[in-house]
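Asker: Chain residues, written in single-letter form:
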Amino acid sequence: MPSFRGVDYLNIDLMLSEEELLVRQTARQFVDEEVAPVIKDCFNEGRFPSQLIRKMGELGFLGANLTGYGCAELSNVEYGLVMQEIERGDSGLRSFASVQGALVMYPIHTFGTDAQKEKWLPRLQSGDAVGCFGLTEPGFGSNPGGMTTTAKQDGAGWVLNGEKTWITNGTAADVAVVWARTDEGIRGFLVEKGMAGYTTSDIHGKLSMRASVTSSLMFSDCRIPGENVLPGAKGLKAALMCLSQARYGIGWGVVGAAMDCYEAARQYTIERKQFDNKPIASHQLVQAKLAWMVSEITKAQLLAMQCGRLKDMGKLEAAHISMLKGNNTAMALDVARTARDLLGANGITDDYPMMRHMANLESVKTYEGTDHIHTLVIGERVTGIPAYK
Amino acid sequence: MKILVAVKQVASRDSALKPAADGRWIDESDLTYEINEPDAYALESGLQLKEQHGGEVVVVAAGPARVSSSIREALAKGADRAIHIEQDGLDAWDSLSLARLLAAAARSESPDVVLTGLQSDDAGRGETGVMMAELLGMAHATIAMKIDVEGGVLKVKRELEGGWFQDLNLPMPALLAVQSGINKLRYATLMGIKKARTKEVKVMTAADLGVEAAPLAILERLALPVKKKQGEMIEGTPKEQAARLIEKLRFEARAI
Ligand SMILES: Cc1cc2nc3c(=O)[nH]c(=O)nc-3n(C[C@H](O)[C@H](O)[C@H](O)COP(=O)(O)OP(=O)(O)OC[C@H]3O[C@@H](n4cnc5c(N)ncnc54)[C@H](O)[C@@H]3O)c2cc1C
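Chains as they are written, first to last, in this note's numbering: chain A, 4 to 392; chain B, 1169 to 1424.
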């Protein structure tokens, strides 16, 4: 498998430091050597490549922008570059890394007690333990604030009742960060595999994110000890802070999926000949599509880069992240579809990555805030008028 | 055990190369760089020797400022510190003059083992390591495939022609020029990349090393082979034509 040379029309690499380039090189090499050879079969068979979890931990990909507990302490631009490369491999693998780092390790790191951090962070970083994040419910997706899962205090502990669904890594998780309604509002809890009253089951029949585990979590009088409440995770705002971390990574990740589709189409159109034995890339209509794709990818890269630099300065806002996630995901889907067009019939087979990325990106468009929701966030930001209801 | 690894930075594989305007070297404007492949295996061998026998891995790299990215990569993979001999235009230097720079840096470290790649992926001369060994007065072996240390002696397996191998014992200090592909290269982990920041890189000039920054010979011109397409009509009777053609095919084209 030839190694990926990157898409850098505008010499954006000049904006990257030696260290940032080296971080990307490690992630790129990992994807070329360990992900690319196996991902097609994983997707076709509906199987998560769990053999890669420990390796990702060893290389530092899990919780990579967090500090301490064995984490790599990357800058946010470096973290974004890692997400970009992993999603060039597959959105399912990037989802795993996003959930583990941004939705499980981040809340424990930000809202947890020292004991919780020491118990979980080193194991989640190394990949010895897997985590999941339970916010969505069957009746509450875009509007998680309406959740009906409850947690009632009972002596020193808590009792959880309800159901979470569409939960990435659910059945594989050793620990679940679960959001539930209490008498004092929404709070975050750590539910551990094997706790009485806690069961999980996988969602089957997915035609997207097939190389990722997606599950439902059921709580029926599930008793958890008092030490498993995340003391700082109070209110929906805490959950949204986690989502902001993950959405930021997604905004970079999808650029990787788009790059993979574009590059495959670029190479194909130069080699494929039609009409007078001329490469199809010699036709203006084909070039228009390639030019459009590389322009969109380049703009998305710049958006991601600026958000990364802002995040490193502590100035990135949720409304910025909505633009990043919304724009770049829509861009990646359009690029996947356009790249598929250029391959004609070959484009619909699994010899090429477009259909897999395209199917995956449909989930990416829906999760972590749909396109509508991010549009509404931007709309509220520029008008001051919330229009969600 | 102190292990010194000489690392060269070269243009990335599959780069589109064209001669520079002054004809002295390749045009570097759009190039990306990487660690010369055999040197990456030399580094990996050094890191494995350190893991087995303890000690220190010191990287030495000569070249312009951009070479720092390859030094950083070597440190990220686990080398302990580095010497950067900062010198422009080395690509046009003869091997002996370069070997003098590298040997001077090596001498100041008194290493037990010096590892180099067998050859560089760009110039491909395959002689710098051997020259370094001569300048340092060290035993050396080339095309090293397997390196062990037993009782203070280096046990080296060399690749010979035609599928033959040679097992050698070398006293230390010694220099080994390492073949590509002899081990599995490790990744620079993200933690290693962050740690590299704290490691020492000593930047030295030729003058610091007491070596004159003047090559003995210089590459004057680098050019792509000129493509000639020239037809030739062979005259005479068919028999004479056939005889001429066979002669040409045999002695000019060397096709038969
Ligand atoms: C593969 C996958 C993995 C996932 N992983 C996780 C996970 O790990 N943890 C987790 O908690 N959740 C996860 N989710 C769930 C995901 O976050 C939700 O699916 C998402 O929030 C959308 O909710 P919904 O599916 O209920 O759609 P709905 O909210 O029902 O939305 C359906 C449509 O209605 C539109 N809509 C809704 N409200 C409005 C409005 N006010 N204005 C305009 N349009 C509106 C939406 O934009 C969308 O087009 C995952 C989903 C998928 C597909």
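One thing to keep in mind: the hints can contain errors.
The calculated PhoX-like cross-link candidates involving lysine-lysine, where the alpha carbons are at most 20 angstroms apart (straight line), are [what the hints assert, rightly or not]: (1) B:Lys1323 with B:Lys1170; (2) A:Lys318 with A:Lys240; (3) B:Lys1170 with B:Lys1218; (4) A:Lys120 with A:Lys196; (5) A:Lys58 with B:Lys1323; (6) A:Lys58 with B:Lys1314.
In short, the hints are calculated from the structure, not lab data.
Asker: I'd like to know which numbered hints this structure contradicts. Please list them from smallest to largest.
Answerer: Hints 5, 6 are the ones this structure does not satisfy, whereas the remaining hints hold.
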